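Following the hints, put chain B in place on chain A, whose structure we already have.
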Amino acid sequence: MLFLPRFDYEEPRTLPEALDILSDLRSDTKVIAGGTDLIVNMKKGSVDPARIVSLKRLKGIRGITRKKEIVAIGSYTTAADIARSDVIARSFPVLRKAALSLGSPLIRNRATIGGNIATARPAADLPPALIALGARIKLRTKGTNRTVIPDVFFIGPGRSILGKDEIITEISLSTLPPFTGADYIKLGHRAALEIAIVAVASRITLDSPDGVIRDARIVLSAVAPTAVRALSAEGALLGEYPSDELFAKAASLAMNDCSPVSDIRGGADYRRDMVRALTIRTLANAYREACGQGVGL
Amino acid sequence: MKKIITVTVNGTEYESAVNPNMTLARFLREGLGLFGTKEGCGVGDCGACTVIMDGQPVNSCLVLAVEANGSAIVTIEGIGEGGKLHPVQEAFIEAGAIQCGFCTPGMVLVAVNLLENNPSPTENEVRQALSGNLCRCTGYQKIVEAVERAASKIVCGERAGEL
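In order, the protein sequence lines correspond to chains A and B. When you number the first sequence by the working numbering, it's gap-free, plus one each residue, and the end is 297. When you number the second sequence by the working numbering, it's gap-free, plus one each residue, and the end is 163.
One chain only, chain B, in its complex shape:
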């Protein structure tokens, strides 16, 4: 039997009837048309389906949509503002941290969440934060550099804002 859920996605509240066997990843893609969330392995090993759920990055392929009832979700579509890219997205482009792009939404969301909680992470902290996200183009070095670049961008941006 379908269940009615209310989920806030990227600041917009949605009410929807979902089957219990619908995962959050499928709900975002097929229910809301937010195709930025990718599904790779489907079993929590690759991190391509990462979304931020109530402030924490999770594998949306392992979360039932019914379990997201009442939660606030941020997907890759929700981090830019007014058509502008998020500083982490800009840094990914500048550092050449994107190859095929399939892992990128998950990588970016983990990085955004890391920098919100820890604005100046060490390289090791960046690598640990990204350890649940696989990149099969093997671009890890540039991804780590992109996150470090984003960190200094955000810190500098905030300092500039204070002046």
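Chain A with its partners taken away, still in its complex shape:
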């Protein structure tokens, strides 16, 4: 049996109280949401906080609300909540698919969207979809408020711009323009309880069902220190008519938009090949969705 080291535990009742506790900037403090990453790391000894601050009792940071064109997801919303949300299924099916790729049903009942972002794992399941969808992350400290995009939030494996005194409170998404489609594919050895070997999220927006590509995002995961956008691949798509050849060209460019390492889950060359394969597939699926009615209507 794996045991947890000793620590103090604080359970603030309100967000201001939580931010007040964190404002002493103690470096030995960790915030706990679902705990599915933190507790594992503590049991394995890779982190050893002297103090844990739980967000469990905070009101107003769990749940999904839609106000006109903006869908707001509280940071304490679990992956299971996202997967079963009608709003998400209707407006952002790619995020639902990403949520269903995370861990297992048991993990998804605990793991939160805020935690999946805060831990900054290079193979995390939600960030690629969030980047593809142009999400915004709201951060709060005792005295400040800021909103950042996930593209700049992550710095490296386990590292982000999140301050020691800062809490992620909300992730917001704008509903997508017409003729938009998106897809997320995670390659793993098995379907559940797996960390991605490579994962790709793509989104394209067309001018019209038979028009050119007006906007495109391709996000590559587990092939760089953070999820990265395949900028040269995206550039190749803009203003062009969708075709298999175009998607193949973009996918080849995407192979050089990342910097995979060789590790126990896969070699760097294999990962590059899979970036190409998954980029083609996600683009093709996104195009199919965009040609239909698209999502977010």
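No wet-lab data here; the hints were simulated from the structure. All values reported here derive from a predicted model rather than from experimental measurement. Cβ atoms here follow ideal geometry from the backbone N, Cα and C, with glycine treated the same way. Check the hints yourself; a few may be wrong.
Computed spacing ranges between beta-carbons, pair by pair [unchecked claim]:
hint, chain 1, residue 1, chain 2, residue 2, range
1, A, Ala277, B, Val43, 56 to 64 Å
2, B, Gln99, A, Ile70, 50 to 58 Å
3, A, Val148, B, Ser120, 39 to 47 Å
4, A, Arg26, B, Glu158, 25 to 33 Å
5, A, Ser27, B, Val155, 33 to 41 Å
Quick list of in silico lysine-lysine cross-link-like pairs, DSBU-like style, CA-CA up to 30 Å [claimed, not checked]:
hint, chain 1, residue 1, chain 2, residue 2
6, B, Lys2, A, Lys30
7, B, Lys142, A, Lys142
8, A, Lys67, A, Lys142
9, A, Lys44, B, Lys142
10, B, Lys3, A, Lys142
11, A, Lys68, A, Lys97
12, A, Lys97, A, Lys67
13, B, Lys142, A, Lys97
14, A, Lys164, A, Lys30
15, A, Lys68, A, Lys138
16, B, Lys2, A, Lys59
17, A, Lys164, B, Lys2
18, A, Lys30, B, Lys142
19, B, Lys3, A, Lys44
20, A, Lys142, A, Lys30
21, B, Lys142, A, Lys164
22, A, Lys164, A, Lys59
23, A, Lys249, A, Lys97
24, A, Lys44, A, Lys30
25, B, Lys3, A, Lys59
Just so you have them, the derived chain B footprint on chain A, three or more residues with Cβ under 8 Å [said to hold, decoys possible]:
hint, region
26, 4-11
27, 51-63
28, 104-115
29, 158-167
30, 228-234
Structure of chain B alone, referenced to chain A:
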């Protein structure tokens, strides 16, 4: 410092002082003597420690006991009624879905929770629901059959009750 928690386990309310580093799995086993909850990997990969927390199956090895304060927990000891096995447990026996038995409490609890929310699941839905629970005796096929058998038992039982 110990924290006082109040947890309802299988319908009984318990008040207890626990260290923050006590997991829910250890609290159930060592604090309450409910040894039906097993701990396998301890890191959320195997599902042997599954309990139902506020209506949702979770890995109790990854939940702090202090975080279960105010929650309602159902363990494998809490699903039978009046000394009778739950239909899912009966189905596991009938289908031969138990070998060493270590994964069984978690498998059964996930199945009970699935059938409460979805009384007639497809085979694929059963497999997906069980995808966080590992069986190292490799008896998955019979476990899936047991859950399907339990589903028809429960649906038939309810129909019989209506008559």
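Structure-based check of each hint:
Our hint of 56 to 64 Å for A:Ala277 and B:Val43 is violated, since their Cβ atoms are close to 31 Å apart. Look at B:Gln99 against A:Ile70: about 52 Å separates their beta carbons, and that is inside 50 to 58 Å. Take A:Val148 and B:Ser120: their Cβ atoms lie about 45 Å apart, and the range 39 to 47 Å holds. For the pair A:Arg26 and B:Glu158, the supplied restraint of 25 to 33 Å is violated, since their beta-carbon distance comes to about 55 Å.
Distance hint check for A:Ser27 and B:Val155: the Cβ-Cβ separation is about 56 Å, which falls outside the suggested range of 33 to 41 Å. Simply put, B:Lys2 and A:Lys30 have alpha-carbon atoms about 19 Å apart, close enough for the 30 Å limit, and the pair holds. This hinted pair does not check out: B:Lys142 and A:Lys142 have alpha carbons roughly 55 Å apart, beyond 30 Å. Note on A:Lys67 and A:Lys142: the hinted pairing holds, with a Cα-Cα distance of about 26 Å set against a maximum of 30 Å.
The suggested pairing of A:Lys44 with B:Lys142 is violated, with an alpha-carbon distance near 34 Å, which exceeds 30 Å. With a CA separation close to 26 Å, the supplied pair B:Lys3 and A:Lys142 stays within the 30 Å bound. Proximity of A:Lys68 to A:Lys97 is assessed by CA-CA distance (about 23 Å); at most 30 Å being required, the pair is judged to hold. This hinted pair checks out: A:Lys97 and A:Lys67 have alpha carbons roughly 23 Å apart, not beyond 30 Å.
Among the hinted pairs, B:Lys142 with A:Lys97 is consistent with the structure: their alpha-carbon atoms are about 29 Å apart, no more than 30 Å. Pair hint A:Lys164 plus A:Lys30 holds up; C-alpha atoms about 8 Å apart against a cutoff of 30 Å. Restraint check: the Cα-Cα separation between A:Lys68 and A:Lys138 comes to about 18 Å, which is no more than 30 Å; the hinted pair holds. Proximity of B:Lys2 to A:Lys59 is assessed by CA-CA distance (about 25 Å); at most 30 Å being required, the pair is judged to hold.
In summary, the hint linking A:Lys164 to B:Lys2 is supported, as the alpha carbons are separated by about 25 Å, within the 30 Å threshold. Using a Cα cut-off of 30 Å, the hinted pair A:Lys30 and B:Lys142 is violated, with the two alpha carbons roughly 43 Å apart. Straight-line distance between C-alpha atoms of B:Lys3 and A:Lys44 comes to about 24 Å, which keeps the hinted pair within the 30 Å bound. A hinted pair counts as satisfied when its Cα atoms are at most 30 Å apart, and A:Lys142 with A:Lys30 qualifies at roughly 16 Å.
For the proposed pair B:Lys142 and A:Lys164, the alpha carbon gap of about 49 Å is over 30 Å, so the pair is violated. Taking the CA atoms of A:Lys164 and A:Lys59, the gap is near 21 Å; set against the 30 Å cutoff, the hint holds. As the CA atoms of A:Lys249 and A:Lys97 are separated by approximately 26 Å, the hinted pair is consistent with the 30 Å bound. Among the hinted pairs, A:Lys44 with A:Lys30 is consistent with the structure: their alpha-carbon atoms are about 16 Å apart, no more than 30 Å.
The straight-line distance between the Cα atoms of B:Lys3 and A:Lys59 is roughly 22 Å, inside the 30 Å bound, and the hint therefore holds. Counting residues of the region 4-11 of chain A whose CB lies closer than 8 Å to any CB of chain B gives 7, so the stated coverage by that chain holds, three being the minimum. Here the region 51-63 of chain A counts 3 residues with a CB under 8 Å from a CB of chain B, which clears the bar of 3, and the coverage holds. With 6 residues carrying a beta carbon less than 8 Å from a beta carbon of chain B, the region 104-115 of chain A meets the three-residue requirement, and the given coverage holds.
Counting residues of the region 158-167 of chain A whose CB lies closer than 8 Å to any CB of chain B gives 0, which falls below the minimum of 3, so the coverage claim is violated. Given as covered by chain B, the region 228-234 of chain A fails the check, having 0 residues with a CB less than 8 Å from a CB of that chain where 3 are the minimum.
When held up to the earlier numbered hints, the structure conflicts with 1, 4, 5, 7, 9, 18, 21, 29, 30 and fits the remainder.
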